[in-house]
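First residue of the sequence shown? That's 1 in this note's numbering, and the numbers climb one at a time after it.
Please keep in mind that the hints were generated in silico from the structure rather than gathered at the bench. Where hints are given, some of them may not hold.
Claimed, not checked - Listed below are the simulated DSSO-like cross-link pairs for lysine-lysine, each with C-alpha atoms no more than 27 Å apart in a straight line: (1) Lys52 <-> Lys21; (2) Lys26 <-> Lys52; (3) Lys71 <-> Lys90; (4) Lys151 <-> Lys67; (5) Lys67 <-> Lys90.
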Amino acid sequence: MNYEKYTELFVSSDFLEYEFKSVGPKGSILKIIRFTTSSNDEAIFDLALGNKMADGNLDDLARDNNKDRNKILATVVAVLKVFFDQYPDKWVFFRGSTPERTRLYRMAITLNLEELNTDFEIVGALTENSSYKDVSFQKGINYYGFYVQGKRRNFRREYKISLYEENRSTESRD
């Protein structure tokens with residue numbers, strides 16, 4: 001995605017959790033991108049994005065209106081490249097925590113489809129008769145969620161982000 005992204009991320013040693021600060025009119029808000037193994041298939045990870053709560057949990061329902069939506073989405077794409085360098089044979093599933101957010105993700109994919117298709121295999125998940133059907137992503141379809149897999153095996157030169165170990169203190173991030 002040809003948008004500015006957050007370039008300083010704190011990453012866990014297993015490359016499954018990333019933290020960065022959203023900076024805008026509402027101040028500095030600590031965000032988390034977290035990958036967890038799917039309960040249905042060990043080849044699939046679920047991606048969650050949200051605000052980091054004081055207890056370390058993730059709030060994926062927060063509405064910040066910090067005027068940096070595109071920058072956050074571009075950061076997620078950069079993190080996917082880091083993730084696929086570590087887990088090249090895995091798939092990642094994501095959907096919005098609300099129908100509006102799923103629609104936002106679909107619109108972002110649609111607007112950047114040509115560029116995203118060079119780096120990722122993108123599949124849409126449809127609901128059909130109480131089951132799911134996976135199809136190649138096409139514009140104009142309302143999907144339940146999305147699957148992505150990295151097409152290439154070495155994104156390292158393209159990160160253009162700085163990764164820091166997660167064990168740095170919270171104070172050093174301010």
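Those earlier numbered hints the structure runs against, lowest number first: 4, 5
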